[in-house]
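Peer 1: Model the full structure from these sequences, guided by the hints.
Protein chains: 2
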Amino acid sequence: MTDAKAPDSSRRSERSRRAIYDAALALVVEVGYGRTTIEGIAARAGVGKQTIYRWWPSKSAVLMEAFLDLAGQGTDGPGATGEGPARSYAFPDTGDLAADLRTVLRATVDEMNNPVVEGPTRALAAEGVLDAALGAQFVEKLLDPAIRLYVDRLRVAEEAGQVRPGIDHRIATELFVGPLYHRWLLRTLPLTHAYADALVDYALAGLAPRP
Amino acid sequence: MTDAKAPDSSRRSERSRRAIYDAALALVVEVGYGRTTIEGIAARAGVGKQTIYRWWPSKSAVLMEAFLDLAGQGTDGPGATGEGPARSYAFPDTGDLAADLRTVLRATVDEMNNPVVEGPTRALAAEGVLDAALGAQFVEKLLDPAIRLYVDRLRVAEEAGQVRPGIDHRIATELFVGPLYHRWLLRTLPLTHAYADALVDYALAGLAPRP
Chain A
1 MTDAKAPDSS
11 RRSERSRRAI
21 YDAALALVVE
31 VGYGRTTIEG
41 IAARAGVGKQ
51 TIYRWWPSKS
61 AVLMEAFLDL
71 AGQGTDGPGA
81 TGEGPARSYA
91 FPDTGDLAAD
101 LRTVLRATVD
111 EMNNPVVEGP
121 TRALAAEGVL
131 DAALGAQFVE
141 KLLDPAIRLY
151 VDRLRVAEEA
161 GQVRPGIDHR
171 IATELFVGPL
181 YHRWLLRTLP
191 LTHAYADALV
201 DYALAGLAPR
211 P
Chain B
1 MTDAKAPDSS
11 RRSERSRRAI
21 YDAALALVVE
31 VGYGRTTIEG
41 IAARAGVGKQ
51 TIYRWWPSKS
61 AVLMEAFLDL
71 AGQGTDGPGA
81 TGEGPARSYA
91 FPDTGDLAAD
101 LRTVLRATVD
111 EMNNPVVEGP
121 TRALAAEGVL
131 DAALGAQFVE
141 KLLDPAIRLY
151 VDRLRVAEEA
161 GQVRPGIDHR
171 IATELFVGPL
181 YHRWLLRTLP
191 LTHAYADALV
201 DYALAGLAPR
211 P
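These protein sequence lines map, in sequence, to chains A and B.
When we follow the numbering used here, the leftmost residue of the first sequence carries the number 1, and every step to the right adds one.
When we follow the numbering used here, the leftmost residue of the second sequence carries the number 1, and every step to the right adds one.
These aren't lab readings, by the way, just hints derived from the structure by calculation.
Note that the structure is a prediction, hence the values are computed from the model and not measured.
Treat the hints with care, as some may be off.
As the list claims (entries may be wrong) - So the derived label-pair ranges between C-beta atoms look like this: (1) A:A205 with B:G95: 20 to 26 Å; (2) B:K141 with A:R12: 32 to 38 Å; (3) B:Q50 with A:E39: 38 to 44 Å.
Idealized CB from N, CA, C, for every residue including glycine.
Peer 2: What follows is the structure, given as structure tokens:
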């Protein structure tokens, strides 16, 4: 391939990659994680099986990248910088911990309520509830990077004297994200901004410095 | 049927019912909720299909009762009174809200870590993540009754001046149960008594009366 051809070829690859992601996510919603196959994704995306195998070693690899890409699309709110799966996220730090937590939790509520994100994410989460190995991948690649941002923000808040010294920042983070996921996964009650705000109000008071 | 025969017949019915529950829960773990059928349950339990249809109108009805029975078996800890699916639960009230919450959350941790309970409950929860109608049944019959006990206990605590007046007891309850389910469903980190105690410590401080 000559240099002159590279831009065209790269655009074509990018289109194929996008078609493969879209096909993979649509299939996982329609037939479930277990019955989604490389063959099915290739047929739906209009590419050959070999095109997929050239880029990914397995069905779970292509699906995980499709999910990472989707999570990147779904979090165009506060904290997202750059584009595509490679972009990085930052937790807002305005100095007002409560306001920053409200901003992030409200954006998470919006993402969970976004139908484009919801269907595939439910399919992946349900499979992870059953399959420990897949669940571990979901946690490592999708959930833990987000949790680390909370943990880092809480550490900064502790240094600023805004939360109690010595609290476990990981457990503290789960006070915010645990109830959100509980409502969403188990569909107990609606996920709203008011709910996000109440979680921040209640949980943050529990992490405040004690007299 | 004469009165004299009733006790024998009733014992036989009880044995069939137990065999049907056991078969239904074993199948749901092995082949998943979607592929569990009345035929499969009947074959495994060694009863005729008609025996199942005499007692339950559908597969989802027999499975939900099997789960209710399992949840009843799994909570032989504090708060359980009576026997079988019809028994009722009470939240401990020693006057010490923190101690009572620790007791209940530790018992919940033990139940979630019990392999007899874990497999079928994961199968049901995963299906509820995907299927809104089934998820609603799971919430109504299994989850909400437990949540109401927390809400009632927090109301008593508010009347005793132990939590802030005017807090939303339902949201407050989710600060305790949300993080537990989050760890369990998504398998992020181990569920331990120490974790349960930390949740009570952090979250309860957030619900305390404010000066």
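Peer 1: Indicate, hint by hint, whether the structure satisfies it.
Peer 2: Comparing the hints with the structure gives:
1. A:A205 with B:G95: 20 to 26 Å: Given range 20 to 26 Å: holds, Cβ gap about 23 Å.
2. B:K141 with A:R12: 32 to 38 Å: Because 53 Å falls outside the window, the suggested range is violated.
3. B:Q50 with A:E39: 38 to 44 Å: holds (42 Å)
Against the hints set out earlier in the document, a violation occurs for number 2 only.
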